[in-house]
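These are the residues of each chain, in order.
Protein chains: 2
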Amino acid sequence: MDETATRPGRRPGQNKTKAKIIVAAEALFAKEGFDHTTIRAIARQAGVDPALVLHYFDSKQELFIAVMTPPQRMPHKIAKELANGNPETLGLRMATLFVSMLDAKSTNHIVVNVLKAAIRIPGAAVLLKRIMVRPILKAFKESALDHAELRATLAQSQLVGMVMTRYILKVEPLASLPPKELIAYIAPTLQRYLTGDLNVS
Amino acid sequence: MDETATRPGRRPGQNKTKAKIIVAAEALFAKEGFDHTTIRAIARQAGVDPALVLHYFDSKQELFIAVMTPPQRMPHKIAKELANGNPETLGLRMATLFVSMLDAKSTNHIVVNVLKAAIRIPGAAVLLKRIMVRPILKAFKESALDHAELRATLAQSQLVGMVMTRYILKVEPLASLPPKELIAYIAPTLQRYLTGDLNVS
Numbered sequence: 001m002d003e004t005a006t007r008p009g010r011r012p013g014q015n016k017t018k019a020k021i022i023v024a025a026e027a028l029f030a031k032e033g034f035d036h037t038t039i040r041a042i043a044r045q046a047g048v049d050p051a052l053v054l055h056y057f058d059s060k061q062e063l064f065i066a067v068m069t070p071p072q073r074m075p076h077k078i079a080k081e082l083a084n085g086n087p088e089t090l091g092l093r094m095a096t097l098f099v100s101m102l103d104a105k106s107t108n109h110i111v112v113n114v115l116k117a118a119i120r121i122p123g124a125a126v127l128l129k130r131i132m133v134r135p136i137l138k139a140f141k142e143s144a145l146d147h148a149e150l151r152a153t154l155a156q157s158q159l160v161g162m163v164m165t166r167y168i169l170k171v172e173p174l175a176s177l178p179p180k181e182l183i184a185y186i187a188p189t190l191q192r193y194l195t196g197d198l199n200v201s
Numbered sequence: 001m002d003e004t005a006t007r008p009g010r011r012p013g014q015n016k017t018k019a020k021i022i023v024a025a026e027a028l029f030a031k032e033g034f035d036h037t038t039i040r041a042i043a044r045q046a047g048v049d050p051a052l053v054l055h056y057f058d059s060k061q062e063l064f065i066a067v068m069t070p071p072q073r074m075p076h077k078i079a080k081e082l083a084n085g086n087p088e089t090l091g092l093r094m095a096t097l098f099v100s101m102l103d104a105k106s107t108n109h110i111v112v113n114v115l116k117a118a119i120r121i122p123g124a125a126v127l128l129k130r131i132m133v134r135p136i137l138k139a140f141k142e143s144a145l146d147h148a149e150l151r152a153t154l155a156q157s158q159l160v161g162m163v164m165t166r167y168i169l170k171v172e173p174l175a176s177l178p179p180k181e182l183i184a185y186i187a188p189t190l191q192r193y194l195t196g197d198l199n200v201s
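In the order they appear, the protein sequences are chains A and B. Those letters in the first sequence? Residues 1 to 201, per our numbering, in order. Those letters in the second sequence? Residues 1 to 201, per our numbering, in order.
Hints in this document: simulated from the structure, not taken from any laboratory. One thing to keep in mind: the hints can contain errors.
Note that the list lumps identical chains together, so a pair holds whenever it fits in one copy or between two copies.
[Unchecked claim] Think about it this way: if two alpha-carbon atoms lie no more than 30 Å apart in a straight line, the pair counts; the simulated BS3-like pairs of lysine-lysine are:
1) K170 with K60
2) K180 with K141
3) K60 with K180
4) K20 with K138
5) K116 with K170
6) K141 with K170
Please model the entire structure based on the sequences and the hints provided.
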């Protein structure tokens, strides 16, 4: 809903202001997490009035979803890497991709913050699907595999559990496993969910 | 640490008061979740002064862990059901047990609340291990299986992901699958993690 388009006071600088708010919010959400970031702190960082933040975004939730959504680099990159290659190694490629993404400091916080937020913000579950389910569905588009949505969400369940156990709850020995070893354990699970015989009744 | 034992003002009624606080906290945590339960509300429900709650428990976190810990019925029940039976159906029994527990209203909130709390309270990750990892280790005790801790945490990763995807994020079609179907999908994963050849290097 773009209310700004119908407002009489619309000025050319508005897109710039909105962008400034998103950049500030992105930095704060990444650094402080969803819970500890306030509209007030985002406004301060962006150098605008808190009321202006709420003029563009109805709530912190809506701003969070907007922040996590626009780049689209991550889902695109994931979809590309999953789509290119042998379907028989899809599980291995998916496990490798997500473990690398989570072991890298620059991308870890994105997945971890989205997951943590998704637990309390119903709207943010969609972001998780965007990273995990949609790239799989895209990769499936070319193949004739049945039950694509079911397969993708089963794979998401193992990925989410891996992220939770290793990177959020940090349960040992899983938390300290060498990436290669962890990938070897979960890849067959993903492969079975994605392309195996599920005997769907 | 039982400070009360050395306090001069100890009265016989103290255990009763502590029990009243735990009962009140249990009810409120279950109903409102960890975040929305306050020490003040627990004190009100228990009919005691908030300062008395903090006399027994240093923090809301500590009280939460105490509340989730004492019954021990759930971990015992899980350990018993996992230990009795053919090792070749361990994955199936574990999947059936957890899906039933989570589909039942009376036990769903315990697992869901522990999981939600574990994300923000480092101490609560231990509660999740108590429900998921320890019963497996107990079931393994009799068998000669190697890498028991690794196997148990791998199984926990699939269980946690299943709880998150189906019961917390409610991602479709996983959220609405008939229990029997969901069990059939995840049981082979658990079985492989628990007793399969993991090729540990």
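Checklist entry - Among all the numbered hints in the text so far, which are the ones the structure does not match? => result 3 and 4
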